[in-house]
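Visitor: Position chain B relative to chain A; hints supplied.
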Amino acid sequence: MIKINIKKPLHGANGKMDLNVDLTIEKGSFVALSGESGSGKTTLLRILAGLTKAKGEIYVDGECWHDKKIFLPPQKREIGFVFQDYALFPNMSVEENLLYVKKDQTLAKKLLDMTELTNMKDRYPASLSGGQQQRVSLCRAMMNSPKLLLMDEPLSALNPAMRGKLQQEIFELHNSFGTTTIMVSHDPSEMYRLANRVIVLENGETIADGVPKDILLKTSGSQKFSFEGELLDIVKMDVIYVAIVSIGQQLVEVVLSSVEAQSLKVGQRVRVSTKAFAPIIKH
Amino acid sequence: MIDIILNLEWSPFYISFKLAAITTFFLFIFSLPFAWFLANTKSKFKPVLEAVTALPIVLPPSVLGFYLLWGLSHNSALGSFLQEYFGIRLVFNFTGLVIASCIYSLPFMVQPLQSGFQSLNKNMLEASYLSGKSNFQTLLRVALPNIKPALITAIIITFAHTVGEFGVVLMIGGSILGETKVASVAIYEFVELLDYRSAHIYSAILLFLSFLVLLAVYVFNKKEKIHSIGGAL
Numbered sequence: 085m086i087k088i089n090i091k092k093p094l095h096g097a098n099g100k101m102d103l104n105v106d107l108t109i110e111k112g113s114f115v116a117l118s119g120e121s122g123s124g125k126t127t128l129l130r131i132l133a134g135l136t137k138a139k140g141e142i143y144v145d146g147e148c149w150h151d152k153k154i155f156l157p158p159q160k161r162e163i164g165f166v167f168q169d170y171a172l173f174p175n176m177s178v179e180e181n182l183l184y185v186k187k188d189q190t191l192a193k194k195l196l197d198m199t200e201l202t203n204m205k206d207r208y209p210a211s212l213s214g215g216q217q218q219r220v221s222l223c224r225a226m227m228n229s230p231k232l233l234l235m236d237e238p239l240s241a242l243n244p245a246m247r248g249k250l251q252q253e254i255f256e257l258h259n260s261f262g263t264t265t266i267m268v269s270h271d272p273s274e275m276y277r278l279a280n281r282v283i284v285l286e287n288g289e290t291i292a293d294g295v296p297k298d299i300l301l302k303t304s305g306s307q308k309f310s311f312e313g314e315l316l317d318i319v320k321m322d323v324i325y326v327a328i329v330s331i332g333q334q335l336v337e338v339v340l341s342s343v344e345a346q347s348l349k350v351g352q353r354v355r356v357s358t359k360a361f362a363p364i365i366k367h
Numbered sequence: 259m260i261d262i263i264l265n266l267e268w269s270p271f272y273i274s275f276k277l278a279a280i281t282t283f284f285l286f287i288f289s290l291p292f293a294w295f296l297a298n299t300k301s302k303f304k305p306v307l308e309a310v311t312a313l314p315i316v317l318p319p320s321v322l323g324f325y326l327l328w329g330l331s332h333n334s335a336l337g338s339f340l341q342e343y344f345g346i347r348l349v350f351n352f353t354g355l356v357i358a359s360c361i362y363s364l365p366f367m368v369q370p371l372q373s374g375f376q377s378l379n380k381n382m383l384e385a386s387y388l389s390g391k392s393n394f395q396t397l398l399r400v401a402l403p404n405i406k407p408a409l410i411t412a413i414i415i416t417f418a419h420t421v422g423e424f425g426v427v428l429m430i431g432g433s434i435l436g437e438t439k440v441a442s443v444a445i446y447e448f449v450e451l452l453d454y455r456s457a458h459i460y461s462a463i464l465l466f467l468s469f470l471v472l473l474a475v476y477v478f479n480k481k482e483k484i485h486s487i488g489g490a491l
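Read top to bottom, the protein sequences are chains A and B.
First residue of the first sequence? That's 85 in the working numbering, and the numbers climb one at a time after it.
First residue of the second sequence? That's 259 in the working numbering, and the numbers climb one at a time after it.
Note that these hints are calculated values from the structure, not bench results.
Where a beta carbon is used, it is the ideal one built from N, C-alpha and C, also for glycine.
Be a bit skeptical, because a hint or two may be false.
[To be verified] Pulled from the structure, derived: some chain B residues nowhere near chain A, Cβ distances all over 10 angstroms:
no.: 1; residue: F283
no.: 2; residue: F288
no.: 3; residue: W294
no.: 4; residue: H332
no.: 5; residue: N379
no.: 6; residue: R399
no.: 7; residue: V400
no.: 8; residue: G432
no.: 9; residue: I459
no.: 10; residue: L472
no.: 11; residue: N479
[What the hints assert, rightly or not] DSBU-like mimics (lysine-lysine), calculated; alpha carbons at most 35 angstroms apart, straight line:
no.: 12; chain 1: B; residue 1: K391; chain 2: A; residue 2: K249
no.: 13; chain 1: A; residue 1: K139; chain 2: B; residue 2: K302
no.: 14; chain 1: B; residue 1: K391; chain 2: A; residue 2: K87
no.: 15; chain 1: B; residue 1: K300; chain 2: A; residue 2: K187
no.: 16; chain 1: A; residue 1: K187; chain 2: B; residue 2: K481
no.: 17; chain 1: B; residue 1: K391; chain 2: A; residue 2: K186
no.: 18; chain 1: B; residue 1: K380; chain 2: A; residue 2: K111
no.: 19; chain 1: B; residue 1: K481; chain 2: A; residue 2: K205
no.: 20; chain 1: A; residue 1: K193; chain 2: B; residue 2: K406
no.: 21; chain 1: A; residue 1: K205; chain 2: B; residue 2: K480
no.: 22; chain 1: B; residue 1: K406; chain 2: A; residue 2: K205
no.: 23; chain 1: A; residue 1: K249; chain 2: B; residue 2: K483
no.: 24; chain 1: B; residue 1: K406; chain 2: A; residue 2: K91
no.: 25; chain 1: A; residue 1: K249; chain 2: B; residue 2: K380
no.: 26; chain 1: A; residue 1: K205; chain 2: B; residue 2: K304
no.: 27; chain 1: A; residue 1: K160; chain 2: B; residue 2: K481
no.: 28; chain 1: A; residue 1: K205; chain 2: B; residue 2: K391
no.: 29; chain 1: A; residue 1: K160; chain 2: B; residue 2: K276
no.: 30; chain 1: A; residue 1: K152; chain 2: B; residue 2: K304
no.: 31; chain 1: B; residue 1: K304; chain 2: A; residue 2: K137
no.: 32; chain 1: B; residue 1: K302; chain 2: A; residue 2: K153
no.: 33; chain 1: A; residue 1: K139; chain 2: B; residue 2: K304
no.: 34; chain 1: B; residue 1: K304; chain 2: A; residue 2: K92
no.: 35; chain 1: B; residue 1: K391; chain 2: A; residue 2: K231
no.: 36; chain 1: A; residue 1: K187; chain 2: B; residue 2: K391
no.: 37; chain 1: A; residue 1: K186; chain 2: B; residue 2: K300
no.: 38; chain 1: B; residue 1: K304; chain 2: A; residue 2: K153
no.: 39; chain 1: A; residue 1: K87; chain 2: B; residue 2: K380
The shape of chain A in the complex, shown without the other chains (with noise of 0.2 angstroms):
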């Protein structure tokens, strides 16, 4: 179990405000931690890290790991940290960046076996794609067999296709260690497939917390579709008002009455959605 109480104040993007968590993380659950850039999520990651220093407490599995007193550093936590950018060691091959971590063969070459990295194993990580070198850095990240598993934005970098393969090697990795992950994401598919738990920051702040499917849907009440999109355009044509919405990486078309036309302002960010209907599903 992970107890955090930390207080720092922050200089965002927004001008001053105050990162102010308190929360409690079971163990070996898989925490998604989202929110707009700027609202401390990695400050979060980097002080439970030890990183960065703040007032407060950390405790984790009963042990101090950050008080008034005690500010236990990065290198005696034992966590594996997973970056946006990878961070690989240029100058070592896949698995000598590996076993910098520990002198574990069978554990890197369980860990390579596990992400198809084996054959790849001699490499410099200059050499490898995207999506191979955060593979290598995930292995890396497990090689201390941490207790907390940190990720800053793994994927986002990375290919919708290259997401989908990583997100189940994380999953089995994050099951087959036991640990307790804690990742960053903005990504509601993703947090859907790997999160027990979804927390969203605003300035500092938790502003939700809990199960996934009540973070994440954004239905409302008998809503059975709700898509958040960027209003682009809003074309008249004869006597009906069309808006263009952008929607993840599709553009719709929806119709508004001349009231609506009026109200809204290209560049919003609007919601859209629809009642009772039944829709098709096909691939």
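Guide: Here is chain B on its own, set in the frame of chain A:
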């Protein structure tokens, strides 16, 4: 031509290169932790330390030479202390030259190393700390191998700059043949004696060697840039 080379007094060149090699060695040992500290510190004294380090670049060698001469001679507390209790004299001998050269060439070692360290991916260094590795282990096994071009530049430029020393060497070492007389001082004396032929030969040799050293640096750095896509610099 062969006659001239065979009859040449080589000792000033030998002293120059010996001085440069020893200076580079000691400077590297001392500058490595210092540059690592400067690259990572958030101390408010950092600008002061950086300014002091850069002083030898802007000071006239005569100013530096004068202070060193005064500081190391028996006129100063340090000089008289060393001479009285240890019998060590640090002016007009080779040891004094090494000390003076280390100070004179300090920025040429520290600055490339520091900027090399600063260009490293901070996350990569943090990944090493999170792997349980100390600051020193991280320096030796992660930071240093990933700043090879900066490392080579620092070593070779320091070496070349020490070979090119003149004012400080003259003031601290004088011109004792086989002890403190370096190539640049020898050229100065040939010109004073109107022996232009020897001055020409010495100068040409120094010019050629210096060019070779610099060419080596640039060729190496160009190769490194092509080879290390993910590396530093």
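Visitor: Decide, hint by hint, whether the structure agrees.
Guide: Each hint tested on the structure:
no.	hint	in the structure
1	F283	holds, 23 angstroms
2	F288	holds, 24 angstroms
3	W294	holds, 16 angstroms
4	H332	holds, 48 angstroms
5	N379	violated, 6 angstroms
6	R399	violated, 7 angstroms
7	V400	violated, 5 angstroms
8	G432	holds, 46 angstroms
9	I459	holds, 44 angstroms
10	L472	holds, 26 angstroms
11	N479	holds, 17 angstroms
12	B:K391 x A:K249	holds, 31 angstroms
13	A:K139 x B:K302	holds, 22 angstroms
14	B:K391 x A:K87	holds, 26 angstroms
15	B:K300 x A:K187	holds, 33 angstroms
16	A:K187 x B:K481	holds, 33 angstroms
17	B:K391 x A:K186	holds, 10 angstroms
18	B:K380 x A:K111	holds, 30 angstroms
19	B:K481 x A:K205	holds, 25 angstroms
20	A:K193 x B:K406	holds, 30 angstroms
21	A:K205 x B:K480	holds, 28 angstroms
22	B:K406 x A:K205	holds, 23 angstroms
23	A:K249 x B:K483	holds, 33 angstroms
24	B:K406 x A:K91	violated, 41 angstroms
25	A:K249 x B:K380	holds, 28 angstroms
26	A:K205 x B:K304	violated, 41 angstroms
27	A:K160 x B:K481	violated, 39 angstroms
28	A:K205 x B:K391	holds, 22 angstroms
29	A:K160 x B:K276	violated, 45 angstroms
30	A:K152 x B:K304	holds, 28 angstroms
31	B:K304 x A:K137	holds, 21 angstroms
32	B:K302 x A:K153	holds, 25 angstroms
33	A:K139 x B:K304	holds, 26 angstroms
34	B:K304 x A:K92	holds, 25 angstroms
35	B:K391 x A:K231	holds, 18 angstroms
36	A:K187 x B:K391	holds, 13 angstroms
37	A:K186 x B:K300	holds, 30 angstroms
38	B:K304 x A:K153	holds, 28 angstroms
39	A:K87 x B:K380	holds, 28 angstroms
Figure legend: structure checked against the earlier numbered hints; hints not met, in rising order: 5, 6, 7, 24, 26, 27 and 29.
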